[in-house]
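4 protein chains.
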Amino acid sequence: MRVDLNADVGESFGPYTIGDDAAVMRSVSSVSVAAGFHGGDPSVMRRTIALARDLGVAVGAHPSFADLQGFGRREMQLAPKDAEDIVLYQIAAVAGVAHAEGVRLAHVKPHGALYNMAARDRELAEAVARAVFAFDRELFVYAPPRSALASAARAIGLRVAGEGFADRGYRHDGSLVPRNEPGAVIANVEEVVTRALQMAVERTVAVVDGSTLTIDVDTLCIHGDTPGASAMAAWLRAGLASADVDVRAPGA
Amino acid sequence: MRVDLNADVGESFGPYTIGDDAAVMRSVSSVSVAAGFHGGDPSVMRRTIALARDLGVAVGAHPSFADLQGFGRREMQLAPKDAEDIVLYQIAAVAGVAHAEGVRLAHVKPHGALYNMAARDRELAEAVARAVFAFDRELFVYAPPRSALASAARAIGLRVAGEGFADRGYRHDGSLVPRNEPGAVIANVEEVVTRALQMAVERTVAVVDGSTLTIDVDTLCIHGDTPGASAMAAWLRAGLASADVDVRAPGA
Amino acid sequence: MRVDLNADVGESFGPYTIGDDAAVMRSVSSVSVAAGFHGGDPSVMRRTIALARDLGVAVGAHPSFADLQGFGRREMQLAPKDAEDIVLYQIAAVAGVAHAEGVRLAHVKPHGALYNMAARDRELAEAVARAVFAFDRELFVYAPPRSALASAARAIGLRVAGEGFADRGYRHDGSLVPRNEPGAVIANVEEVVTRALQMAVERTVAVVDGSTLTIDVDTLCIHGDTPGASAMAAWLRAGLASADVDVRAPGA
Amino acid sequence: MRVDLNADVGESFGPYTIGDDAAVMRSVSSVSVAAGFHGGDPSVMRRTIALARDLGVAVGAHPSFADLQGFGRREMQLAPKDAEDIVLYQIAAVAGVAHAEGVRLAHVKPHGALYNMAARDRELAEAVARAVFAFDRELFVYAPPRSALASAARAIGLRVAGEGFADRGYRHDGSLVPRNEPGAVIANVEEVVTRALQMAVERTVAVVDGSTLTIDVDTLCIHGDTPGASAMAAWLRAGLASADVDVRAPGA
Chain R
108 MRVDLNADVG
118 ESFGPYTIGD
128 DAAVMRSVSS
138 VSVAAGFHGG
148 DPSVMRRTIA
158 LARDLGVAVG
168 AHPSFADLQG
178 FGRREMQLAP
188 KDAEDIVLYQ
198 IAAVAGVAHA
208 EGVRLAHVKP
218 HGALYNMAAR
228 DRELAEAVAR
238 AVFAFDRELF
248 VYAPPRSALA
258 SAARAIGLRV
268 AGEGFADRGY
278 RHDGSLVPRN
288 EPGAVIANVE
298 EVVTRALQMA
308 VERTVAVVDG
318 STLTIDVDTL
328 CIHGDTPGAS
338 AMAAWLRAGL
348 ASADVDVRAP
358 GA
Chain G
108 MRVDLNADVG
118 ESFGPYTIGD
128 DAAVMRSVSS
138 VSVAAGFHGG
148 DPSVMRRTIA
158 LARDLGVAVG
168 AHPSFADLQG
178 FGRREMQLAP
188 KDAEDIVLYQ
198 IAAVAGVAHA
208 EGVRLAHVKP
218 HGALYNMAAR
228 DRELAEAVAR
238 AVFAFDRELF
248 VYAPPRSALA
258 SAARAIGLRV
268 AGEGFADRGY
278 RHDGSLVPRN
288 EPGAVIANVE
298 EVVTRALQMA
308 VERTVAVVDG
318 STLTIDVDTL
328 CIHGDTPGAS
338 AMAAWLRAGL
348 ASADVDVRAP
358 GA
Chain U
108 MRVDLNADVG
118 ESFGPYTIGD
128 DAAVMRSVSS
138 VSVAAGFHGG
148 DPSVMRRTIA
158 LARDLGVAVG
168 AHPSFADLQG
178 FGRREMQLAP
188 KDAEDIVLYQ
198 IAAVAGVAHA
208 EGVRLAHVKP
218 HGALYNMAAR
228 DRELAEAVAR
238 AVFAFDRELF
248 VYAPPRSALA
258 SAARAIGLRV
268 AGEGFADRGY
278 RHDGSLVPRN
288 EPGAVIANVE
298 EVVTRALQMA
308 VERTVAVVDG
318 STLTIDVDTL
328 CIHGDTPGAS
338 AMAAWLRAGL
348 ASADVDVRAP
358 GA
Chain V
108 MRVDLNADVG
118 ESFGPYTIGD
128 DAAVMRSVSS
138 VSVAAGFHGG
148 DPSVMRRTIA
158 LARDLGVAVG
168 AHPSFADLQG
178 FGRREMQLAP
188 KDAEDIVLYQ
198 IAAVAGVAHA
208 EGVRLAHVKP
218 HGALYNMAAR
228 DRELAEAVAR
238 AVFAFDRELF
248 VYAPPRSALA
258 SAARAIGLRV
268 AGEGFADRGY
278 RHDGSLVPRN
288 EPGAVIANVE
298 EVVTRALQMA
308 VERTVAVVDG
318 STLTIDVDTL
328 CIHGDTPGAS
338 AMAAWLRAGL
348 ASADVDVRAP
358 GA
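Residue numbers (the working numbering), protein chains in the order written: chain R, 108 to 359; chain G, 108 to 359; chain U, 108 to 359; chain V, 108 to 359.
FYI, nobody ran anything at the bench for these hints, they're computed from the structure.
Since the structure is predicted, the reported quantities are computational estimates derived from the model, not experimental observations.
A few of these clues could be false.
The list cannot tell twin chains apart, which means a pair is met if one copy fits it or any two copies do.
As the list claims (entries may be wrong) - Below are the SDA-like pairs computed for lysine to any residue, each with C-alpha atoms no more than 20 Å apart in a straight line:
#1 Lys188 <-> Gly209
#2 Lys188 <-> Gly346
#3 Lys188 <-> Ala345
#4 Lys188 <-> Ile263
#5 Lys188 <-> Arg253
#6 Lys188 <-> Thr124
#7 Lys188 <-> Gly269
#8 Lys188 <-> Glu208
#9 Lys188 <-> Asn223
#10 Lys188 <-> His206
#11 Lys188 <-> Asn287
#12 Lys188 <-> Phe240
#13 Lys188 <-> Val308
#14 Lys188 <-> Ala348
#15 Lys188 <-> Ala262
#16 Lys188 <-> Leu158
#17 Lys188 <-> Arg355
#18 Lys188 <-> Gly281
#19 Lys188 <-> Asp228
#20 Lys188 <-> Ser258
#21 Lys188 <-> Asp127
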């Protein structure tokens, strides 16, 4: 039994700080590093990757739409080729900075609106998959299980790590309960740990309607920019460890 | 006898076009590709690199200060570490996109104000050299002969290609005649070719005061964003060929 | 009988030039000036406005989504309040620079994707209208006749100038024939002039299916960034003049 | 006896928060609002101005070089005309958003590197002064007493508010002790209040070498982005009030 614990990091920018990356990174097995399009800058990126290396944490790229003010959370309509090229550029930047720090890039996880759109839009998903494949076919793609992104990545020959959210409610079809509906966010730490264990060990999740859904989760997401992220990461790590679940990155 | 003919390319951006890259690339042996900080965008960059590959032209990175409006030509005071990190980021981006297109990055040539400042400022020159070295110690650094940048690059263990400007007047100390002074720019094509041959074959340059200066030129620069760049490149290529000078990239 | 002839201008940026504003401005009665979000920069903006003033051309603001690489043509999902605030900021910038040049702002015309989305999305249209109204309730809003934007602007108490495209095909419902369908673009200059006259004089347009549609056109659009824009503007101006149609800005 | 207490505010950006503007604004008489070039965005700007209005605090514009990553603190070499135009654009944006919120702009205070460079560089100072004057000759310019900026502003016909820093050490020539030298920063709150009173009442400042310097201070600066800014502002306000110094904006 094993699962990856992943956090989004490196999203500070210039004079602006978001998240407590150093604390979060002590509990996770992999991080997705911002590439400068929704957050992050070259110096933040380099420091973040060096720290991940020192802590033995796997490093992935976290490409986004170019929207610093909106933190990459606003949907944009790009031609698939344009989306492919900005994803490739960002993977290249993170991978190259990682290379300079002696780290080999391990995965790619699209950020925010790009992630959500690629999860449901086949053309965009294929564009993302082509960018990853063109750069390095050994990279894992982090994607929601049963999403267009997971499917496009597999179709082109990439390995996929199914991503689960232990602190979010699920609907019957495997999608997340929208944030403005009841049951969207699980605040209780014990419950989050219980759900994480259920995902990692039984490979199911309790659905908001009371049923149980089989779900292929290989990596659990910690939102690095939310308050309490480091405490949540520590709880999850401890909870998984105590259940003998091996916390490690997909390729490790 | 050999010399490299190099052009700055890939400086178009989004809806904006600068230069006639496709024409210029037919005559040069290497190109320096903009990385998005002073010009260029991920799609322009990728297309440009693919075209260079198809034409057998060597590809380098052309990092700059982050100043799109000023086209990277305005001096900025960065802490050396910050300069190092933006140079590394840009090398990484170009190298990674090139890798996806089956091309290995061959050199780094700083752009505009970054080039001029690194030519004279030892701390900045060392920062640039550290970034190149951290990424790939096989890369050539294009720099003015006898500049701080050339010296810093050699000191860290990098190979340097001394850059000459056949269409610019030189002063006694090897620096260029400022653009607002007489003799700054050579407009006559035959004279430019003559000067290029003098640099490549005799390894000297005629100084504006009438004397002759020994100068170590390994690469001749074509400004891709100036009108007539492609014609100038063609003339230079033909002139060099007719004098049996081998036009090829430094590492080729 | 009167109609406004309007062109989008001031879309050059830093080293990059788009359009031949000086030529186009000799034929139009009003211009919509880019505000720096999809094109334009503070120096381009100021020069453009000073030129419009010298030529007696009315000046409006041309706000956009913040998307320089996509030239404001890619749809973005903004919260209405965020859209309102970026529109207000851009109106303020153009109006203030105009004020410094002795020009009073006359209208607001959203650009590209913002224009198209506000034409059909009531919430976004109201956000745009609120921004205009908060700044200056005397401003005209340029909008497609019968669009959500026209309706929202009128509802809040603003005057609307219905915009027509003499070089584009219309469908039965008053919308434009999409660019990838037959009849989308009218290339023949005489036909464009005929259509412009029909819009200005008879206030109808020939629909692609052969029928005729009544349409309230107060302003005709010239795309300043397309080749031949200045010639088209001159033809239209001459054609309208020869039919005794008064070419002038809505408020003039 | 009167003095202005001024804070830099509105420097948060998108998802990023800097400073506790709401707290600082309770103690000051004027604020300088970021215009989006070094910090701030249209929504932050509007909220900040509305809050200042509600608290009866005067609003000024805080224009900067375009350098979000460097927070406007890195020197850039702009042609004077380019500097003039970006300052005008930013004044226009802040003034126009303020106008929409029912507030009349009261002053302009350049930010960071632009402030420091304009304080010593006559050409740049004149460019800034021209921008302010072109927009509204009633605006105050905040500038170091005896600086090139103060002098250029007066020469063109603008009113100047001399700015003092109660928490910074001064040298014999009226310049600040550089931050890396002893005596640069006064940490003790009582001492800062004492120095503020000395500036406001006696119009002198204690120099780091023990002497006393006559200095024309009309406004005291609170750095809104430093920790403890709101407490410092409250202490200064209370200290000035208890000495019967009237705390109000220059034009109030």
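Against the structure, the hints come out as follows:
In this homomeric assembly, Lys188 and Gly209 come within 20 Å of each other (Cα to Cα) only across copies, at 18 Å, whereas the closest approach inside a single copy is 31 Å. Taking identical chains as interchangeable, the C-alpha atoms of Lys188 and Gly346 are never at most 20 Å apart, the minima being 43 Å within one chain and 40 Å between chains. Within a single copy, Lys188 and Ala345 get their C-alpha atoms no closer than 43 Å, and across copies no closer than 37 Å, so neither meets the 20 Å cut-off. In the homo-oligomer, the alpha carbons of Lys188 and Ile263 lie at most 20 Å apart inside one protomer (16 Å), although the nearest pairing across protomers, at 39 Å, exceeds that limit.
In this assembly of identical chains, Lys188 and Arg253 lie within 20 Å of each other by CA distance neither inside one copy nor across copies; the values are 24 Å within and 35 Å between. Proximity of Lys188 and Thr124 under a CA criterion of 20 Å is satisfied inter-copy only: 19 Å between copies versus 32 Å inside one chain copy. Proximity of Lys188 to Gly269 under the C-alpha cut-off of 20 Å is found in neither arrangement, the shortest distances being 25 Å within a copy and 35 Å between copies. With identical chains, the CA atoms of Lys188 and Glu208 are at most 20 Å apart between copies only, with a shortest distance of 15 Å across copies and 30 Å within one.
Taking identical chains as interchangeable, the C-alpha atoms of Lys188 and Asn223 lie at most 20 Å apart only when both belong to the same chain, with a minimum of 18 Å there against 22 Å between chains. In this assembly of identical chains, Lys188 and His206 lie within 20 Å of each other by CA distance solely across copies; the values are 18 Å between and 26 Å within a copy. In this assembly of identical chains, Lys188 and Asn287 lie within 20 Å of each other by CA distance solely across copies; the values are 18 Å between and 33 Å within a copy. Proximity of Lys188 and Phe240 under a CA criterion of 20 Å is satisfied intra-copy only: 14 Å inside one chain copy versus 32 Å between copies.
Neither within a single protomer nor between protomers do Lys188 and Val308 lie at most 20 Å apart by alpha-carbon distance, with minima of 39 Å and 44 Å respectively. Taking the shortest alpha-carbon separations for Lys188 and Ala348, neither the intra-copy value of 43 Å nor the inter-copy value of 39 Å comes in at or below 20 Å. Taking the shortest Cα distances, Lys188 and Ala262 sit within 20 Å of each other inside one copy (18 Å), while across copies they are farther apart (41 Å). Proximity of Lys188 to Leu158 under the C-alpha cut-off of 20 Å is restricted to the inter-copy arrangement: shortest distance 17 Å between copies versus 34 Å within a copy.
In this homomeric assembly, Lys188 and Arg355 never come within 20 Å of each other (Cα to Cα): the closest approach is 34 Å inside a single copy and 33 Å across copies. Proximity of Lys188 and Gly281 under a CA criterion of 20 Å is satisfied in neither setting, with 29 Å inside one chain copy and 32 Å between copies. Taking the shortest Cα distances, Lys188 and Asp228 sit within 20 Å of each other inside one copy (14 Å), while across copies they are farther apart (27 Å). For the identical chains of this complex, Lys188 and Ser258 are intra-copy neighbours only, at 19 Å inside a copy versus 36 Å across copies, given an alpha-carbon limit of 20 Å.
In this assembly of identical chains, the alpha carbons of Lys188 and Asp127 never lie at most 20 Å apart, being 35 Å within a copy and 22 Å across copies at closest.
Taken one by one, the earlier hints fail for this structure at numbers 2, 3, 5, 7, 13, 14, 17, 18, 21, listed in ascending order.
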